[in-house]
Amino acid sequence: MAIEIKDLTKRSVNYSQWYNDLVIKADLAEQSAVRGCMVIKPYGYAIWEKMQRELDNMFKATGVQNAYFPLLIPKSFLSREADHVEGFAKECAVVTHYRLKNDPDGNGVVVDPEARLEEELIIRPTSETIIWNTYRNWINSYRDLPLLINQWANVFRWEMRTRMFLRTAEFLWQEGHTAHATKEEAQEEAVKMLNVYADFAEKYMAVPVVKGVKSANERFAGALETYTIEAMMQDGKALQSGTSHFLGQNFAKAFDVKFVNNENKLDYVWATSWGVSTRLMGALIMTHSDDNGLVLPPKLAPIQVVIVPIYKTQEQLDEINAKVNPIVDNLRAMGISVKYDNADNKRPGFKFADYELKGVPVRLVLGARDIANGTIEIMRRDTLEKSSAQLEGIEDTVKNLLDEIQANIFKKAYDFRQNMTYKVDTYDEFKAQIEKGGFVLAHWDGTPETEDRIKEETKATIRCIPLDAEPEEGVDMLTGKPSKCRVVFARNY
0 MAIEIKDLTK
10 RSVNYSQWYN
20 DLVIKADLAE
30 QSAVRGCMVI
40 KPYGYAIWEK
50 MQRELDNMFK
60 ATGVQNAYFP
70 LLIPKSFLSR
80 EADHVEGFAK
90 ECAVVTHYRL
100 KNDPDGNGVV
110 VDPEARLEEE
120 LIIRPTSETI
130 IWNTYRNWIN
140 SYRDLPLLIN
150 QWANVFRWEM
160 RTRMFLRTAE
170 FLWQEGHTAH
180 ATKEEAQEEA
190 VKMLNVYADF
200 AEKYMAVPVV
210 KGVKSANERF
220 AGALETYTIE
230 AMMQDGKALQ
240 SGTSHFLGQN
250 FAKAFDVKFV
260 NNENKLDYVW
270 ATSWGVSTRL
280 MGALIMTHSD
290 DNGLVLPPKL
300 APIQVVIVPI
310 YKTQEQLDEI
320 NAKVNPIVDN
330 LRAMGISVKY
340 DNADNKRPGF
350 KFADYELKGV
360 PVRLVLGARD
370 IANGTIEIMR
380 RDTLEKSSAQ
390 LEGIEDTVKN
400 LLDEIQANIF
410 KKAYDFRQNM
420 TYKVDTYDEF
430 KAQIEKGGFV
440 LAHWDGTPET
450 EDRIKEETKA
460 TIRCIPLDAE
470 PEEGVDMLTG
480 KPSKCRVVFA
490 RNY
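The opening position of the sequence shown corresponds to residue 0 in numbering that gives the first Met the number 0, with each subsequent residue numbered one higher.
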């Protein structure tokens, strides 16, 4: 592994290749036998599990409950909501038969032509349709509302150009689907969940995000409003990192989900849906990592602290073990995940390189001389700085250092984004700046036609209209038409 790190492409040479190298060399994931799909390896999945655990707790704190719905959706369900089916039609994988049989010519198995399904089934690209068909049976009265349901699942969308974690045909995610008695409640829920995502991104992932509303062109298929959190990667591109949708009554009408309101009148319920996926892994890697490997925020690192002994004799190792074992117990009692790597099958230098590549936030090194001096060596992964600390009370030192690293990598990412955010007023300025990367704040006349033209000519899209955008009278840089505020443009993943 130490030798392999030298093969890690530098970000400055080829950022895209650096990312691909890092995903594989840090043991996060690998390509699978199925085109466009990946195998998430144990170390990568351990990070996802931590994300999942924290998000799940945050959802449940708002009253959300988990459930599970089928992977397969009857084709007719996707025909109920016109915008929705149009948005996903080209990405759907279709199940047409229910049986295989041995090939009479002896060439393995073939699809049994007589086992064709009466109605084809779609592998879920998202679950609005099957869930709203189910909600029709669950909702009768305003007393059944709000209904706040989430599911952790996999979805499948045919993707021609894939990249591990960022865009794969099959990916893991959560999707929340809620039903409400009033429009205002549903809109409030959509914004509340957007804020949950933003809090998670910033407090756990240490990724600063811009909260905003999508333009009509970028809106989720079937939604009246789509809210988004947008993050900036180190190459200046945007990454949509979570979305929350106000669906109005579109799906309730499509699936006839009515309720008796508190005035004893029949009405359609109001809906939201919201989700984040394993794409967050991509955001984590591309926001913080460096040419030496992963840099993980302590709150999501599978191993927060690794301890490596330096010894020559078994007697020295026994002495180090006696010192380290209670430290390990104390750190675990403090809720800190720690690994004591005293295996003798790898040299210390190899271990150092491996844990650096995997982004372990804190490395402690203890040798016989350190014990004699009552000290221990500390290295922090975010800055690669080494220092010496007192062995006595090292647990508190480590705890404080983890907090410091979490704050530092957020600040570094925040400062980078601030330095890569620009205001422009002319189209020439805009085109020049987009080539350099970053978030470009510019006036827009609000029309899809203008947005389409800008995208066609510059490959930049409107990432969002920021929720905290200051009203600012101006004119569209392309058409000269009036504009009420600046929006965020960027090239994106």
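Don't take each hint at face value.
To be verified - Below 20 Å or equal to it, Euclidean Cα-Cα: the simulated EDC-like pairs (lysine to aspartate or glutamate) are:
#  : residue 1 : residue 2
1  : 49        : 201
2  : 40        : 201
3  : 398       : 328
4  : 100       : 85
5  : 350       : 384
6  : 236       : 289
7  : 422       : 467
8  : 298       : 328
9  : 480       : 434
10 : 236       : 456
11 : 458       : 471
12 : 210       : 469
13 : 422       : 471
14 : 338       : 290
15 : 385       : 434
16 : 9         : 234
17 : 202       : 48
18 : 345       : 314
19 : 322       : 391
20 : 483       : 472
21 : 435       : 467
22 : 264       : 143
23 : 430       : 117
24 : 422       : 469
25 : 191       : 472
Said to hold, decoys possible - So the derived label-pair ranges between C-beta atoms look like this:
#  : residue 1 : residue 2 : range
26 : 431       : 82        : 48 to 58 Å
27 : 234       : 469       : 38 to 48 Å
28 : 215       : 30        : 34 to 44 Å
29 : 343       : 430       : 56 to 66 Å
FYI, nobody ran anything at the bench for these hints, they're computed from the structure. Backbone N, C-alpha and C fix where the C-beta goes; we use that ideal spot for every residue, glycine too.
Verification of the supplied hints:
no., hint, verdict
1, 49 - 201, "holds, 15 Å"
2, 40 - 201, "violated, 25 Å"
3, 398 - 328, "holds, 14 Å"
4, 100 - 85, "violated, 35 Å"
5, 350 - 384, "holds, 17 Å"
6, 236 - 289, "holds, 16 Å"
7, 422 - 467, "holds, 16 Å"
8, 298 - 328, "holds, 19 Å"
9, 480 - 434, "violated, 24 Å"
10, 236 - 456, "holds, 17 Å"
11, 458 - 471, "violated, 25 Å"
12, 210 - 469, "holds, 13 Å"
13, 422 - 471, "holds, 12 Å"
14, 338 - 290, "violated, 24 Å"
15, 385 - 434, "violated, 38 Å"
16, 9 - 234, "holds, 12 Å"
17, 202 - 48, "holds, 17 Å"
18, 345 - 314, "holds, 19 Å"
19, 322 - 391, "holds, 10 Å"
20, 483 - 472, "holds, 5 Å"
21, 435 - 467, "violated, 25 Å"
22, 264 - 143, "holds, 15 Å"
23, 430 - 117, "violated, 53 Å"
24, 422 - 469, "holds, 13 Å"
25, 191 - 472, "violated, 29 Å"
26, 431 - 82: 48 to 58 Å, "violated, 36 Å"
27, 234 - 469: 38 to 48 Å, "violated, 28 Å"
28, 215 - 30: 34 to 44 Å, "holds, 36 Å"
29, 343 - 430: 56 to 66 Å, "holds, 59 Å"
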